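A.B. asks: Please assemble the complex out of the two chains, which come individually in their own frames, going by the hints.
Residue numbers (this note's numbering), protein chains in the order written: chain A, 1 to 360; chain B, 1 to 299.
None of these hints come from the bench; they were simulated from the model. It is possible that part of the hints are untrue.
[To be verified] Subject to a maximum C-alpha distance of 25 Å in a straight line, what follows is the list of computed DMTMM-like cross-link-like pairs (lysine to aspartate or glutamate): (1) LYS143(B) <-> ASP166(B); (2) LYS183(A) <-> GLU211(A); (3) LYS117(A) <-> GLU140(A); (4) LYS117(A) <-> ASP194(B); (5) LYS117(A) <-> ASP141(A); (6) LYS289(B) <-> ASP194(B); (7) LYS183(A) <-> ASP209(A); (8) LYS289(B) <-> ASP144(A); (9) LYS289(B) <-> ASP110(A).
The model shown is predicted, which means the values in this text are computed figures rather than measured ones.
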Amino acid sequence: MTTTVPTPIDTDPAAATAGIQLRGVVKRYGAQVALRGLELEIRDGEFFCLLGPSGCGKTTTLNLIGGFVAPSEGEIWIRGQRIDTLPPHRRPVNTVFQSYALFPHMNVRDNVRFGLKMDRVPRADSTRRVDESLALVGLEDFGDRMPAQLSGGQQQRVAVARALVKRPAVLLLDEPLGALDLKLRQRLQIELAQIHRGVGTTFVYVTHDQEEAMSMADRIAVMNDGRVEQLGTPEEVYRRPSSRFVADFIGDSNFFSATVDGGIAALVDGSRVPCGAGSGGAVLMVRPEAIRIDAGGGSISGRVVQTSFLGSFVRVAVETAASEAPVIVAIHDEAAVPQVGDGVSLRWHAADGIVLEDRE
Amino acid sequence: MTVAAAEPPRAPLAQRLGTHLASYGGFIPAIVLLGLFFLVPLGIVVCYSFWETIDYSVVHHWTLDNYHYFFSVSAYVTTMWATLWVALVSTAIAIGLAFPFAYWLSRYVPRRLRLPLLVLVIVPFWTSYLLRVYSWLTILGEKGVLNRLLQWTGITHHPLSVFLYDRPAVILVLVYLYFPFGALTLYSSLERFDWNQLRAAMDLGASPLQAIVRILVPQIRPGLITAIIFVFIPILGEYLTPQIVGGTGGVMIGNLIVNFFQAAEYTRGAAVSLLIAAFIVGLLAVFRKSLSSADAYGA
Numbered sequence: 001m002t003t004t005v006p007t008p009i010d011t012d013p014a015a016a017t018a019g020i021q022l023r024g025v026v027k028r029y030g031a032q033v034a035l036r037g038l039e040l041e042i043r044d045g046e047f048f049c050l051l052g053p054s055g056c057g058k059t060t061t062l063n064l065i066g067g068f069v070a071p072s073e074g075e076i077w078i079r080g081q082r083i084d085t086l087p088p089h090r091r092p093v094n095t096v097f098q099s100y101a102l103f104p105h106m107n108v109r110d111n112v113r114f115g116l117k118m119d120r121v122p123r124a125d126s127t128r129r130v131d132e133s134l135a136l137v138g139l140e141d142f143g144d145r146m147p148a149q150l151s152g153g154q155q156q157r158v159a160v161a162r163a164l165v166k167r168p169a170v171l172l173l174d175e176p177l178g179a180l181d182l183k184l185r186q187r188l189q190i191e192l193a194q195i196h197r198g199v200g201t202t203f204v205y206v207t208h209d210q211e212e213a214m215s216m217a218d219r220i221a222v223m224n225d226g227r228v229e230q231l232g233t234p235e236e237v238y239r240r241p242s243s244r245f246v247a248d249f250i251g252d253s254n255f256f257s258a259t260v261d262g263g264i265a266a267l268v269d270g271s272r273v274p275c276g277a278g279s280g281g282a283v284l285m286v287r288p289e290a291i292r293i294d295a296g297g298g299s300i301s302g303r304v305v306q307t308s309f310l311g312s313f314v315r316v317a318v319e320t321a322a323s324e325a326p327v328i329v330a331i332h333d334e335a336a337v338p339q340v341g342d343g344v345s346l347r348w349h350a351a352d353g354i355v356l357e358d359r360e
Numbered sequence: 001m002t003v004a005a006a007e008p009p010r011a012p013l014a015q016r017l018g019t020h021l022a023s024y025g026g027f028i029p030a031i032v033l034l035g036l037f038f039l040v041p042l043g044i045v046v047c048y049s050f051w052e053t054i055d056y057s058v059v060h061h062w063t064l065d066n067y068h069y070f071f072s073v074s075a076y077v078t079t080m081w082a083t084l085w086v087a088l089v090s091t092a093i094a095i096g097l098a099f100p101f102a103y104w105l106s107r108y109v110p111r112r113l114r115l116p117l118l119v120l121v122i123v124p125f126w127t128s129y130l131l132r133v134y135s136w137l138t139i140l141g142e143k144g145v146l147n148r149l150l151q152w153t154g155i156t157h158h159p160l161s162v163f164l165y166d167r168p169a170v171i172l173v174l175v176y177l178y179f180p181f182g183a184l185t186l187y188s189s190l191e192r193f194d195w196n197q198l199r200a201a202m203d204l205g206a207s208p209l210q211a212i213v214r215i216l217v218p219q220i221r222p223g224l225i226t227a228i229i230f231v232f233i234p235i236l237g238e239y240l241t242p243q244i245v246g247g248t249g250g251v252m253i254g255n256l257i258v259n260f261f262q263a264a265e266y267t268r269g270a271a272v273s274l275l276i277a278a279f280i281v282g283l284l285a286v287f288r289k290s291l292s293s294a295d296a297y298g299a
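Next up, chain B with everything else stripped away, as it sits in the complex (with noise of 0.2 Å):
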């Protein structure tokens, strides 16, 4: 090996660090920011689920009991895929929505009224979520308008109590409440699609449905999966709507959190959450490829 010739002279270590630092200074917010209202509060989680309740208490005793309590009560672990299968369908019936509307909205809705319509799909944020969710409760209760409609039109005789209380319902609502983060998110990519290419498929010799499963989808497929995410993610992790409108029968992961904190189960509750924030992660991590689309197609 040869040793290079004439190295420079070097900084005195001290100063040398210094304008290290001093590069980084920028980062300081963020970092304060980052690590008080995040890491911190992650890291007491992350130790209360390996931490002990004992008489509603908190012993720093390092075990893997939360974890495995959750898995050998049946109950939660069916309450487990339930929420899955909850969050699969209402994302995929809220985007299966979705899309034929901000479809509709960028290709065939003059541009003067495309702002006025995606005000309305926006309108419903400046209510409280509650209170949207809670006004479902007198569209589908018993004494609700759906009821109230059927039996003036003489369909039954007596209020039902079906729509309410039940997976259904929880899906109903969900639904509703996550379509405008699919719509916005699909439009916003659907925006800037050249047109034009679907017609050029078609005169090549593609259906419109083999036009737009070809040539449009692979070309929105970030959109998609942001959509997705944005509207699976935060149905994972959903428990008012369960507690509001689902009853017993449309319980969710996240109302057993809800259940174990409000027991003062601290240590089973922070358990739960991490299983979710995991899973989450896990998914993240998965996808990470397909949202990177800064250098697609070579452009």
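Only chain A is shown next, with the shape it has when bound in the complex (with noise of 0.2 Å):
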């Protein structure tokens, strides 16, 4: 509970500032190692999104902070305050889960009220906050039916209400809208992002879609493995990333083995392109966007061997010697598009070859 009174070793003013801290946390399972020496820190107010695909620690590292997994090592403070050692329920914490957890013996109105009741939050003014909360998330009308007589998407942001009705520090959410199909998915991304402004709470998201991690986040942190591989906005993380992994992991990407000095890059067929800095062995990333494509007069040639029509763009697949698998180039233009079997030449700006380390 946030009115908790600090001990003076559990305190720390410098780390008053930040929402939240992870300091060196280490989590084993056994031999297993889920999360090895993790430091985060987490602004306080920020949407934060853990991005990673499935067993990379994220969901290990939201557990860790609502205190359903206690860390081998390391230590995890909130606002100031060191709180690895409290139990769930006395930290400035709370959970949206996965699977909603919804009490169903309980209406929507007792489900909202039920944190408030456990602090003993006198009646009159849990109810208030209690219809406060349902008409954050549009569910005013929705009080007394139970659980099961609503949709998903309306359990979900029951689910969000009951979490915010305590007014925590940070809110957590563990891949809320995995169980929803995708329009609903969309609808719901926006809402928890209006929700976010007018809280001001900081949320913590784990999710291992890209899309939903990138349409909400003020920051994304794109974990494997047990480690942050690359902390940043959005638009930092697509634009610059910092290893091939993130690079795969969001967006398309394409791929190329090079050998990189003052500025070009020699690619495996000989010919040379220009890219970012950095010098001798590397892996040149260009995304499809990015690429040019045209008859002839660029930096790579190659044969259309696939062209596919995705709405708002054309996607279109160049076979080249410079690369094991085809080029994806994303083309907006429709009159632009080749047709298959055209020979083409491909370039780019400098600025869009991003080279990185070469390990996978």
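C.D. replies: Structure follows, in structure tokens:
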């Protein structure tokens, strides 16, 4: 609870400005290491995403903050108070569970009220807060329904209202949209971002869906194998990925093995293409929308093997000698789409040729 | 009042009766079985309880004497209360042990280990009831395992007889006998529970105990009550266990009934039997609402 009086040992004025700090957090399950010395600072009030494939440690991180898992090593601080030694019900943190975990024997109102009841909030006060919370998620008329009478999206919103009614310092969301269909998911992404702006609570959101992370988060931590691979805004993570893993995980990308020297990359077929800073053996990454496709005059030549109309753009696959997999190019101008079998030439700006360390 | 203008022509009575009966035809075997093996014997017991026994034979003379007699002998009434008390305590202990066991089994034991453990709970049923009760004599008796252990460790020097032939022994054996009923019933309702709900409750500020009492227990209430009924009702009618391990101190109402029948006092025995039956029916009526959960939670 936020009212817990901190003991001198467990306070750190310097950390008070940070929302959440994870300091050297290690989590081992027997011989398996789920988290390898995690250092993470989440700002107060931001919408923070933990993004990564299953088994990367993102859910473990969430459970560590929520208190359902104890760290093997390291410390966790929230607003200058050490919390990793506190049981879940004493942390200023509430969670929206993947399965929602609504209480089926209570109506919506009593579900939302539950946390306030546990805190012994006076009845009149709690009624007002429950109403506010339900209004926040647009369910003010559903207080008397039972959870089983609600749709998936409505249940999800009850779960959010139930967690937010306690005004936590941090709201944890564990893939809360995972069970919903695409249309509803996109709508709720917008709603969640709106709710976040409305309440100003720190949101920590776990997902394996890069689009979901990109669409809502202020900052994203891309996780892999128990580590944070990259931390940054959606734009930074997309435009300046720090590793091949991040580039591959977020968005579509083309990879070329290359030897880099002075802004020029020599590819395996001998062609020379412009690129960013770097030197030596490396991997060159170019986003599909950064590639210009012409009849001739480019850096790499190849042959069109497939064109796919995807609505807002056309995806063209070009076979070249410079890479194993066909190079993927996204074209927004339908008039410029070549025919399958055409010989084409590819080029891009030096700034779009991202040089990455050569490791898998 | 207006009369329906065009009433359809009605089929002959016999024919309508025929189709009416035919639609219930499927129930006939059930009605015959239930009638033959349940209603008729019950009817006989009811009649007996209102008849008289004179010189070891039942006389068809209607009277309430059998009921008057039971309540006029204070030893019988005491036994009745003692039986209730023993049944309550045994049920409380059996369910009190079965709940943590079922909770542990359904929440913490890996799925592949659950079946072997459940089989271990059921194994005693493959052995004769009588054998299982008698085996407690070899544990609790004067030359039993417990006494030998106490003497061997030097805690006592003479065999103790306090373990047997009184209420504690009866309660111990009853708990042992009925624990599996409670454990199996509770397990089957706990198995379907979404444990994330307990996490959610704790996340919202509930202590582990509050989470169990406010979230888990209300949802498994039908299973809990079934378990209590499965344990409590058979214990009310127990007579072998108190007879074998209870001695004179552990007599229960079942023993009274047996005694009446062995003494050929059929009508008095029938009256006591019906008293138990009436009590149980009353109990079930009270719990009836909690047991019907088909449309619970507006699902």
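A.B. asks: Determine for every hint whether it applies to the structure shown.
C.D. replies: Outcome of the hint check:
no.	hint	verdict
1	LYS143(B) <-> ASP166(B)	17 Å, holds
2	LYS183(A) <-> GLU211(A)	13 Å, holds
3	LYS117(A) <-> GLU140(A)	19 Å, holds
4	LYS117(A) <-> ASP194(B)	22 Å, holds
5	LYS117(A) <-> ASP141(A)	21 Å, holds
6	LYS289(B) <-> ASP194(B)	24 Å, holds
7	LYS183(A) <-> ASP209(A)	14 Å, holds
8	LYS289(B) <-> ASP144(A)	22 Å, holds
9	LYS289(B) <-> ASP110(A)	22 Å, holds
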